[in-house]
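Chemist: Residues per chain are reported as follows:
Number of protein chains: 2
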Amino acid sequence: MSIVVVGFLAYDTVETQNGKVEEVMGGGASYFALAARFFSPVSIVSVVGNDYRPEHWRMFTDRGIDMRGVVRLEGMTTRWHGRYHEDMNKRDTVQLSLNVLEGFTPELLPDQRRADYIYLAPNDPDLHEHILDQVSSPKLVIADLYDYWIDTTRAGLEKVIKRVDIMLCSDAEARLLTGEHNLVKAGRAILAMGPGTVLIKRGEYGVLQFSKEGMFAVPAYPLEEVIDPTGAGDTFAGGMMGFLARNGRVNESTLRTAVVYGSVVASYAVEDFSLRRLETLTWEAIDNRYRAFIELTDSHHSRWISR
Amino acid sequence: MSIVVVGFLAYDTVETQNGKVEEVMGGGASYFALAARFFSPVSIVSVVGNDYRPEHWRMFTDRGIDMRGVVRLEGMTTRWHGRYHEDMNKRDTVQLSLNVLEGFTPELLPDQRRADYIYLAPNDPDLHEHILDQVSSPKLVIADLYDYWIDTTRAGLEKVIKRVDIMLCSDAEARLLTGEHNLVKAGRAILAMGPGTVLIKRGEYGVLQFSKEGMFAVPAYPLEEVIDPTGAGDTFAGGMMGFLARNGRVNESTLRTAVVYGSVVASYAVEDFSLRRLETLTWEAIDNRYRAFIELTDSHHSRWISR
Numbered sequence: 531m532s533i534v535v536v537g538f539l540a541y542d543t544v545e546t547q548n549g550k551v552e553e554v555m556g557g558g559a560s561y562f563a564l565a566a567r568f569f570s571p572v573s574i575v576s577v578v579g580n581d582y583r584p585e586h587w588r589m590f591t592d593r594g595i596d597m598r599g600v601v602r603l604e605g606m607t608t609r610w611h612g613r614y615h616e617d618m619n620k621r622d623t624v625q626l627s628l629n630v631l632e633g634f635t636p637e638l639l640p641d642q643r644r645a646d647y648i649y650l651a652p653n654d655p656d657l658h659e660h661i662l663d664q665v666s667s668p669k670l671v672i673a674d675l676y677d678y679w680i681d682t683t684r685a686g687l688e689k690v691i692k693r694v695d696i697m698l699c700s701d702a703e704a705r706l707l708t709g710e711h712n713l714v715k716a717g718r719a720i721l722a723m724g725p726g727t728v729l730i731k732r733g734e735y736g737v738l739q740f741s742k743e744g745m746f747a748v749p750a751y752p753l754e755e756v757i758d759p760t761g762a763g764d765t766f767a768g769g770m771m772g773f774l775a776r777n778g779r780v781n782e783s784t785l786r787t788a789v790v791y792g793s794v795v796a797s798y799a800v801e802d803f804s805l806r807r808l809e810t811l812t813w814e815a816i817d818n819r820y821r822a823f824i825e826l827t828d829s830h831h832s833r834w835i836s837r
Numbered sequence: 531m532s533i534v535v536v537g538f539l540a541y542d543t544v545e546t547q548n549g550k551v552e553e554v555m556g557g558g559a560s561y562f563a564l565a566a567r568f569f570s571p572v573s574i575v576s577v578v579g580n581d582y583r584p585e586h587w588r589m590f591t592d593r594g595i596d597m598r599g600v601v602r603l604e605g606m607t608t609r610w611h612g613r614y615h616e617d618m619n620k621r622d623t624v625q626l627s628l629n630v631l632e633g634f635t636p637e638l639l640p641d642q643r644r645a646d647y648i649y650l651a652p653n654d655p656d657l658h659e660h661i662l663d664q665v666s667s668p669k670l671v672i673a674d675l676y677d678y679w680i681d682t683t684r685a686g687l688e689k690v691i692k693r694v695d696i697m698l699c700s701d702a703e704a705r706l707l708t709g710e711h712n713l714v715k716a717g718r719a720i721l722a723m724g725p726g727t728v729l730i731k732r733g734e735y736g737v738l739q740f741s742k743e744g745m746f747a748v749p750a751y752p753l754e755e756v757i758d759p760t761g762a763g764d765t766f767a768g769g770m771m772g773f774l775a776r777n778g779r780v781n782e783s784t785l786r787t788a789v790v791y792g793s794v795v796a797s798y799a800v801e802d803f804s805l806r807r808l809e810t811l812t813w814e815a816i817d818n819r820y821r822a823f824i825e826l827t828d829s830h831h832s833r834w835i836s837r
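Sequences listed follow chains A and B, in order. Residue numbers for the first sequence follow the numbering used here, so the first one is 531 and each next one is one higher. Residue numbers for the second sequence follow the numbering used here, so the first one is 531 and each next one is one higher.
Don't read these hints as lab results, they were simulated from the structure. A couple of the hints might just be wrong.
To give a feel for the contact side, a few chain B residues facing chain A, derived at Cβ under 7 Å [unchecked claim]: (1) S667; (2) T682; (3) G686; (4) E754; (5) A815; (6) I816; (7) H831.
Backbone N, C-alpha and C fix where the C-beta goes; we use that ideal spot for every residue, glycine too.
Extracted from the complex, chain A is given alone in its bound form (with noise of 0.2 Å):
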């Protein structure tokens, strides 16, 4: 089934402690797709300025990835500048220019009105509402919060909130949101807002996912080096919901299995910068690292429990 993702196109400038990279491919719609496009079709509604480069944009139609609900005005792409801290759990923006983002309202295309699977990467609630308002009925629509919303238009954070299946968000955000420091409180008060599951991410330490079934904690994949985090959540929605969507069923095991998924691409996605990695991923890579996930979370304790 088809996925219709929301979201920045962005040229980025980052800073870790492995370096700078300027003016590289970035915006959450294009971690997204990039993961996404493995398990299932997916097509990008979004908007670039006319310096947005042509070998940029075949990159996504090269791999299959659909751009005709990226709407193309005269201007300057969105750029975002980020640096991380030696803890790259931190990170600091150093400059934001919307530009062609700048009072633009994204359109879903007829088709893609009718899609089963949304994702609404981190942006202003009013334009999430606006995209919901579009879609006919759809089977799963998953949002990812962005701190920034939290402070300015609590109001309208809240109406989405309980528009959506599955609410993402990191750790600090769960706190802001809720008030409650303890992560297990955070989680059960956001469902309370209305989302069926919520997924709480806390980057390195992996994901909290709480929904009524009960709860499900997964470490993050541990790496050697991690080279730029930029997109790891944003990968992560795109590999947990590209399963969802090729499997066609939404439950608490397939959800699970999705968050395995989200997060063996993820940690791919963080291994060079910018999407570097995500463009030469195979699917015989995320086998194997799905794989070795298993094999990492298992403690062999089917033979211990004989009750």
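Model the placement of chain B on the given structure of chain A, informed by the hints.
Modeler: Below, chain B alone, put in the same frame as chain A:
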């Protein structure tokens, strides 16, 4: 099989966001023994002052813990005063008074020297060395690191690490010991120092296990309320080593299950101040949470890997 634990018995003063307790039972050996006893006989090697209260001594003996190796000396029992940050992974030591421990050299009883399972709670590496010189041919030696000794007696520490089968340390200690910020690199660097297995404890984020056979990652059991994290590491070690001693085999498979049991017992320890929760804990409660833990971490992958 019987376990010998060498470590502190102390009176603690502890401050957390949830309150303050004064002059309560503490010390690594007490947490370890109260956890290990559910799985295996355990005897403590330690020292207390003549202020150590009879009802506290009886708390151990009533639960079948062998106290013959605990020496009573004239003077005060060791005192520790700690204060936790709101982020309970961080704490400050307000005061540590070694008292009777000052200059004390632990000696094992004849039957303890033949023990198969030895746990060395955080202490001076020279004392660890002295204990290891007394045991004839232990099957398994586990030692826990204490960051203080990384700076002060590095050479002695490295000698002990060579003689240990399983090395336990916190993430911060692993980084300090190896100079590697990345935990995968740090874990492998400690492995190269001698022990067959390295367990890096990440507090509320769980445990990373490194061995020649590979990596194992488990989250901590997510709790709605952590009252007092004191002793969580020693409780974890007690549950883990207890399971290994009861099972009698030490291999990658039993180690993984042991880590889960350790995590389960530790998750109870932090639910109340001091040893309170461990004193009343039952095997049924451990078994229930063990099953909940397995469900918590089950990715339901078996349905999707068919090849």
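Chemist: Please flag the earlier hints that this structure goes against, numbers listed from lowest up.
Modeler: 1, 2, 3, 5, 6
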